[in-house]
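Assemble the dimeric complex from its two separately framed chains, guided by the hints.
Taken in sequence, the protein lines are chains A and B. Using my numbering, read the first sequence as starting at 1 and increasing by one per residue. Using my numbering, read the second sequence as starting at 1 and increasing by one per residue.
Please keep in mind that the hints were generated in silico from the structure rather than gathered at the bench. Yeah, the Cβ is synthetic: ideal placement off N, Cα and C, and Gly gets one too.
Incomplete in silico selection of chain A near chain B, CB under 7 Å:
hint: 1; residue: W4
hint: 2; residue: L7
hint: 3; residue: L8
hint: 4; residue: P10
hint: 5; residue: G11
hint: 6; residue: L15
hint: 7; residue: G19
hint: 8; residue: F27
hint: 9; residue: L30
Only pairs whose alpha carbons sit at most 20 Å apart, straight line, appear in this in silico SDA-like list of lysine to any residue:
hint: 10; chain 1: A; residue 1: K46; chain 2: A; residue 2: G66
hint: 11; chain 1: B; residue 1: K171; chain 2: A; residue 2: L8
hint: 12; chain 1: A; residue 1: K2; chain 2: B; residue 2: K168
hint: 13; chain 1: B; residue 1: K171; chain 2: B; residue 2: A106
hint: 14; chain 1: B; residue 1: K171; chain 2: A; residue 2: W4
hint: 15; chain 1: B; residue 1: K45; chain 2: B; residue 2: E34
hint: 16; chain 1: B; residue 1: K45; chain 2: B; residue 2: L156
hint: 17; chain 1: B; residue 1: K45; chain 2: B; residue 2: A75
hint: 18; chain 1: A; residue 1: K35; chain 2: A; residue 2: G115
hint: 19; chain 1: A; residue 1: K35; chain 2: A; residue 2: G75
hint: 20; chain 1: A; residue 1: K2; chain 2: B; residue 2: F113
hint: 21; chain 1: A; residue 1: K2; chain 2: B; residue 2: E172
hint: 22; chain 1: A; residue 1: K35; chain 2: A; residue 2: F51
hint: 23; chain 1: A; residue 1: K35; chain 2: B; residue 2: L146
hint: 24; chain 1: B; residue 1: K168; chain 2: A; residue 2: G11
hint: 25; chain 1: B; residue 1: K171; chain 2: A; residue 2: R9
hint: 26; chain 1: A; residue 1: K2; chain 2: B; residue 2: L170
hint: 27; chain 1: B; residue 1: K171; chain 2: A; residue 2: W13
hint: 28; chain 1: B; residue 1: K168; chain 2: B; residue 2: F158
hint: 29; chain 1: B; residue 1: K45; chain 2: A; residue 2: V23
hint: 30; chain 1: B; residue 1: K171; chain 2: B; residue 2: A26
hint: 31; chain 1: B; residue 1: K168; chain 2: A; residue 2: A6
hint: 32; chain 1: B; residue 1: K45; chain 2: B; residue 2: L146
hint: 33; chain 1: B; residue 1: K45; chain 2: B; residue 2: A148
hint: 34; chain 1: B; residue 1: K168; chain 2: A; residue 2: W13
hint: 35; chain 1: B; residue 1: K168; chain 2: A; residue 2: L5
hint: 36; chain 1: B; residue 1: K168; chain 2: A; residue 2: A3
hint: 37; chain 1: B; residue 1: K45; chain 2: B; residue 2: G81
hint: 38; chain 1: B; residue 1: K171; chain 2: A; residue 2: G11
hint: 39; chain 1: B; residue 1: K45; chain 2: B; residue 2: F83
hint: 40; chain 1: B; residue 1: K168; chain 2: B; residue 2: W112
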Amino acid sequence: MKAWLALLRPGDWALVLIGALGVAISFPLLWAGGKAERAVVRLDGKVVAEFPLTAPRRFAVTGPLGETLIEIAPGRARVLSDPGPRQYCVQQGWLTRPSAIAICAPNHVSLSLSGKDASHDSLNY
Amino acid sequence: MPVMTASTIDLKITDNDRRIARYAAAAIALTVAEAALPSPLPGVKPGLANIVVLIVLMRHGWRDAAWVSLLRVLAGSLLVGQFLAPGFFLALAGALASLAVLAPAARLPRRWFGPVSASVLAAFAHIGGQLLLARLWLVPHDGVFLLAPVFGLSALVFGIVNGLITAKLLKENQA
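Bound conformation, chain B alone (with noise of 0.2 Å):
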């Protein structure tokens, strides 16, 4: 019989870690601040949190792009009450969404795509994840494809504006 010897559960944290943590703060405080503004229809925000999902993305790839996204999606929640109602599940449903979108699109070449493309792509990946939960859940009705139009403009104008401002901070602080 082998000797019990006792053991601690070690997690190492790493730099990387650390990195991630930062991002998802910041990414976290947008949300916060962008919950505050006043929208004329739920779900047209300018997702400001975005552009710091998009800056990981550009300097340090998908996974950590991932990391940054999803735990904003849950502390975001968290704090503004969210968590487990349904602004909670279609928040989730559009980060995978544009997450599924960034994968391949982080992978057009550079020279002819920036970070404006990135940026559209998600945001309409966005509003396509989001309305297609909320047709097969919220509201099971072909009614809610009407605001497509509304949301489809949202997301290419706030996502031109992120992606500016994103490719405008990468050029600020090349490393």
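So here's chain A without its partners, still in its complex pose (with noise of 0.2 Å):
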């Protein structure tokens, strides 16, 4: 092993250190996705509540089933009751990354997140 790392020229250490550090900060930038900063509810595809995902909160929709209710919490959020049969979008549990969506057909409500750069159309590299 040192016989091998005797090898190595002090530029060598150096390039090798900038290609780690490169290669250590494309696994975020490229990886990351952005991240979910607020919560829509829509209800019948028309927006009936817009929250940040900062602060713990929960927010009741009355759909033609019944009530949705939504939870919010920090960086997340969830359906925690719907009135429809089959609980889909309850059974999705917290929703983190941004364009994620849980939708109660049923009760015709939805719930999606959106993250900071909704504006951008494309990425160019």
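Below you can see the structure in the form of structure tokens.
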């Protein structure tokens, strides 16, 4: 091992370090996909409420079947309860990524998350 | 009217040509051996043939290294049945990008920068060239860049390993 390391010259060390740093930075940079910042609640496709994902809170929205309860927490949101028969949107649990969506179709309610940069349509490298 | 004389095309084979052919043969053998290795992801491979290219670069300069590298891509792809397939063009793009970077990299002061520097730089250039061609031609979507961190990591690791092997071989066989 030591004999191998002796083959590295000072510039090699610096270059390897820079390369490692670049690779380390590239992972979060390219794989983050942004952070979810806002929860949007829709009834019949129309936005009825929008909350920042900062403080915990609950919000009830009344659809044709009854009341759907939304829970907001720092960085995430979920459908806490829903009168729908199959409970798909409740079983989805916490949503954390931007553009994630839970749809309670029977009650016409949807909960979706949006990121900070929802405005961009493309990324250039 | 001038008198027509029989002419023959005379190809002079120099010692330099023979040397390049020998190195290229070694590089091609490594390419073929490597093709037998399973890869977790297309594009992630050690690139052992680049050890030969680096040795040629360090011993005989960039021109000879370019010959060996490009002969390796051509003959290697013929042997593994990839000639003119997408894999061939990706290999060619990688080899050309590496050579483009190795030209200035070979001029770095040897006291500070050894074969590992050249190897790591060439490895990054290699995936850079391949990703660029893949983006422009094979997968016209920015999604290919999501693979960049994985390719970058493999380039770094194999760049260091190949560079160390090159440095060791050069040290053990000092002419």
